[in-house]
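What follows is the residue order along each chain.
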Amino acid sequence: MSINVISVDNLTFCYNGLEVISNISFAVKKGDYLGIAGPNGSGKSTLIKNILGILRPQKGAVDIFGQPLTSFHQWNRIGYLPQRISALNNHFPSTVEEIVQLGMKKRNPIALKRTLEMMGIAHLAARLIGELSYGEQQRTMLARTLISQPDLLIFDEPTTALDPETRDIFYTLTDEMNRTSGTTIVLVTHDTGVIGKYACNLLYLDKKIIFSGTFEDFCASPDMTGFFGPISQHMICHQHDNSGSSI
Amino acid sequence: MGLIDILNYEFVQRAIVAGMLIAAVSSILGVFLVLRRFSLIGDGLAHITFGSVAIVMLIGVSPAYITLAALPLVMLSSLAILKLTHSQRIHGDAAIGIVSSIGIATGIILASLSGGYNLDLFSYLFGNILTVTQTELWLSFIVFLTVVATVIIFYNDLFAITFDEELAQTMGVKTKRINVILFLLTAVAAVLAMKVAGIMLVSAMLILPPLTALQLSVSFRMTILAAACFSTLSVICGIILAFLLNLPAGGTIVIFNIGFLLLIFGAKKILPFQR
Numbered sequence: 012m013s014i015n016v017i018s019v020d021n022l023t024f025c026y027n028g029l030e031v032i033s034n035i036s037f038a039v040k041k042g043d044y045l046g047i048a049g050p051n052g053s054g055k056s057t058l059i060k061n062i063l064g065i066l067r068p069q070k071g072a073v074d075i076f077g078q079p080l081t082s083f084h085q086w087n088r089i090g091y092l093p094q095r096i097s098a099l100n101n102h103f104p105s106t107v108e109e110i111v112q113l114g115m116k117k118r119n120p121i122a123l124k125r126t127l128e129m130m131g132i133a134h135l136a137a138r139l140i141g142e143l144s145y146g147e148q149q150r151t152m153l154a155r156t157l158i159s160q161p162d163l164l165i166f167d168e169p170t171t172a173l174d175p176e177t178r179d180i181f182y183t184l185t186d187e188m189n190r191t192s193g194t195t196i197v198l199v200t201h202d203t204g205v206i207g208k209y210a211c212n213l214l215y216l217d218k219k220i221i222f223s224g225t226f227e228d229f230c231a232s233p234d235m236t237g238f239f240g241p242i243s244q245h246m247i248c249h250q251h252d253n254s255g256s257s258i
Numbered sequence: 038m039g040l041i042d043i044l045n046y047e048f049v050q051r052a053i054v055a056g057m058l059i060a061a062v063s064s065i066l067g068v069f070l071v072l073r074r075f076s077l078i079g080d081g082l083a084h085i086t087f088g089s090v091a092i093v094m095l096i097g098v099s100p101a102y103i104t105l106a107a108l109p110l111v112m113l114s115s116l117a118i119l120k121l122t123h124s125q126r127i128h129g130d131a132a133i134g135i136v137s138s139i140g141i142a143t144g145i146i147l148a149s150l151s152g153g154y155n156l157d158l159f160s161y162l163f164g165n166i167l168t169v170t171q172t173e174l175w176l177s178f179i180v181f182l183t184v185v186a187t188v189i190i191f192y193n194d195l196f197a198i199t200f201d202e203e204l205a206q207t208m209g210v211k212t213k214r215i216n217v218i219l220f221l222l223t224a225v226a227a228v229l230a231m232k233v234a235g236i237m238l239v240s241a242m243l244i245l246p247p248l249t250a251l252q253l254s255v256s257f258r259m260t261i262l263a264a265a266c267f268s269t270l271s272v273i274c275g276i277i278l279a280f281l282l283n284l285p286a287g288g289t290i291v292i293f294n295i296g297f298l299l300l301i302f303g304a305k306k307i308l309p310f311q312r
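Respectively, the protein sequence lines represent chains A and B.
Quick note: the first sequence uses the working numbering, first residue 12, plus one each step.
Quick note: the second sequence uses the working numbering, first residue 38, plus one each step.
Rather than coming from a laboratory, the hints here were simulated on the basis of the structure.
Quantities reported herein were computed from a predicted structural model and do not represent experimental measurements.
Mixed in with the good hints there might be a few duds.
[As the list claims (entries may be wrong)] Result set (DSS-like, lysine-lysine): computed pairs, CA atoms no more than 27 Å apart in a straight line:
1. B/K120 to A/K117
2. B/K213 to A/K124
3. B/K213 to B/K120
4. A/K41 to A/K117
5. A/K219 to A/K117
6. B/K211 to B/K120
7. A/K124 to A/K40
8. A/K219 to A/K208
9. A/K40 to A/K70
10. A/K70 to B/K305
11. B/K120 to A/K219
12. A/K116 to B/K305
13. A/K219 to A/K116
14. A/K70 to A/K218
15. A/K219 to A/K41
16. A/K40 to A/K219
17. B/K306 to A/K116
18. A/K70 to B/K306
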């Protein structure tokens with residue numbers, strides 16, 4: 012029996028007494044590609060922060076790689092890309108190379124060069140992060156996440172500021188990592204239609220789990236038709252049908 | 038009197054060496070503090086140092102050991118600031134304000150109650166590096182080695198936590214431990230910087246050299262090195278000029294720090310610094 016990479020059991024988290032996520036339970040198996048979608052303020056990022064131990068839940072438990080979060084130490088097996096980075100301002104004195112290097116325990120120039128090239132930022136290696144555009148900063152952060160080739164990748168709205176070409180590269184890359192290396196991926200997005208094309212499972216949140224299953228089930232679900240209305244559901248499920256690879 | 042003559046005085050040599058060590062320590066730690074928006078912690082801890090010095094003077098500690106005796110209280114206060122900051126109900130600047138007020142209020146009350154040592158106590162407000170004792174020189178050397186070793190050993194963790202504390206946490210960095218180390222070392226640096234620049238100017242030692250280094254727009258590692266260079270250079274120039282013109286050393290050192298900041302700032306405006 013394979014161990015769940017992530018196991019969330021009855022998780023409830025409150026900000027100032029207000030429930031932001033309520034009684035959430037789900038599991039992610041090795042090699043899964045889970046998309047977590049939902050509207051703004053639905054608790055997606057809060058859920059991720061609880062899974063990573065940044066926030067402590069009021070109720071419930073999280074296990075990572077079969078270990079309770081409180082005793083988990085193998086953080087090098089996880090790559091996390093947050094929605095926002097506090098230091099990404101014009102004055103932070105750090106080069107792209109220094110930031111990408113941060114993703115590795117030991118210095119590895121070959122891996123560094125390969126990752127910078129893969130993300131198309133090799134020419135920016137010596138530039139300060141604050142001098143770059145938001146899209147280039149995001150590519151740098153992606154490179155930091157991917158450089159150590161972790162077993163579990165957690166992305167929180169990773170493609171918000173990326174141009175269509177880089178977004179394509181990102182989704183193709185993560186899809187390839189998932190299929191060829193068996194990397195487990197959890198990706199948070201507000202764009203259900205996009206993630207539905209790649210993720211093998213979809214979790215739709217609105218403070219609690221509204222839907223859990225495949226994208227096909229999501230599109231065929233009468234409950235979801237009732238929740239979104241037939242037109243919105245159709246748009247979510249078919250908006251990217253004719254967009255080719257450019258998402 | 039020539040430069041060589043000045044440097045022949047043993048107390049000047051001691052002052053320059055101790056000053057350089059303390060300046061390097063303050064500026065290295067300052068880089069992390071400034072980037073994490075804890076710039077005013079120097080002010081807060083300086084005020085606490087004032088209160089602590091008042092207490093140890095009241096107890097009757099020998100003047101040679103006052104700096105050493107004031108340390109534990111200042112270190113505890115820095116941990117209190119850290120604890121308050123992480124309580125999520127109080128912002129970092131407010132936490133510094135609370136602890137700072139306690140320190141200065143305690144100092145003023147104790148000074149007024151025991152009148153006898155007012156002059157000695159108020160001499161700490163302005164500092165005098167030229168009176169640095171052998172004990173303080175050794176303490177500066179030990180603290181310098183500790184800070185340099187800590188930054189080398191925990192460089193990745195310190196960099197990660199400065200870049201983004203939440204992200205650092207998900208990388209397995211023991212953020213609480215690193216914060217405690219950083220704040221304790223800052224407390225020690227603040228007490229030592231009091232001797233160089235005086236309580237009124239401790240924060241200048243922590244803030245100005247990192248700010249100057251940040252104007253250079255270089256990598257993180259180079260920013261730390263540049264900050265240490267600017268601060269030590271300010272100490273050397275400041276002490277020599279203060280001795281030559283009979284000026285207070287603390288103020289002169291800080292004026293040099295400001296001079297370097299303005300110089301780099303101005304040069305950046307005039308010269309095309311394109312990377």
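Results of checking the hints against the structure:
1. B/K120 to A/K117: violated, 32 Å
2. B/K213 to A/K124: violated, 33 Å
3. B/K213 to B/K120: With Cα atoms ~10 Å apart, B/K213 and B/K120 stay inside 27 Å; holds.
4. A/K41 to A/K117: Given pair A/K41, A/K117 holds - Cα atoms ~26 Å apart, limit 27 Å.
5. A/K219 to A/K117: Status violated; Cα separation ~40 Å.
6. B/K211 to B/K120: With a Cα-Cα distance of about 16 Å, the restraint between B/K211 and B/K120 holds, given a limit of 27 Å.
7. A/K124 to A/K40: violated, 31 Å
8. A/K219 to A/K208: holds, 23 Å
9. A/K40 to A/K70: Distance ~23 Å between A/K40 and A/K70 Cα, so the pair holds.
10. A/K70 to B/K305: violated, 54 Å
11. B/K120 to A/K219: Between B/K120 and A/K219 the Cα gap is close to 33 Å, so the pair fails against 27 Å, i.e. violated.
12. A/K116 to B/K305: Violated. A/K116 to B/K305 sits at ~36 Å, over the 27 Å cutoff.
13. A/K219 to A/K116: The given pair, whose Cα atoms are some 37 Å apart, is violated under the 27 Å limit.
14. A/K70 to A/K218: Within the cut-off at roughly 14 Å; holds.
15. A/K219 to A/K41: The given pair, whose Cα atoms are some 24 Å apart, holds under the 27 Å limit.
16. A/K40 to A/K219: Satisfied, since the Cα-Cα distance of roughly 21 Å is no more than 27 Å.
17. B/K306 to A/K116: violated, 39 Å
18. A/K70 to B/K306: violated, 55 Å
Hint compliance for this structure: hints 1, 2, 5, 7, 10, 11, 12, 13, 17 and 18 are broken, all remaining hints hold.
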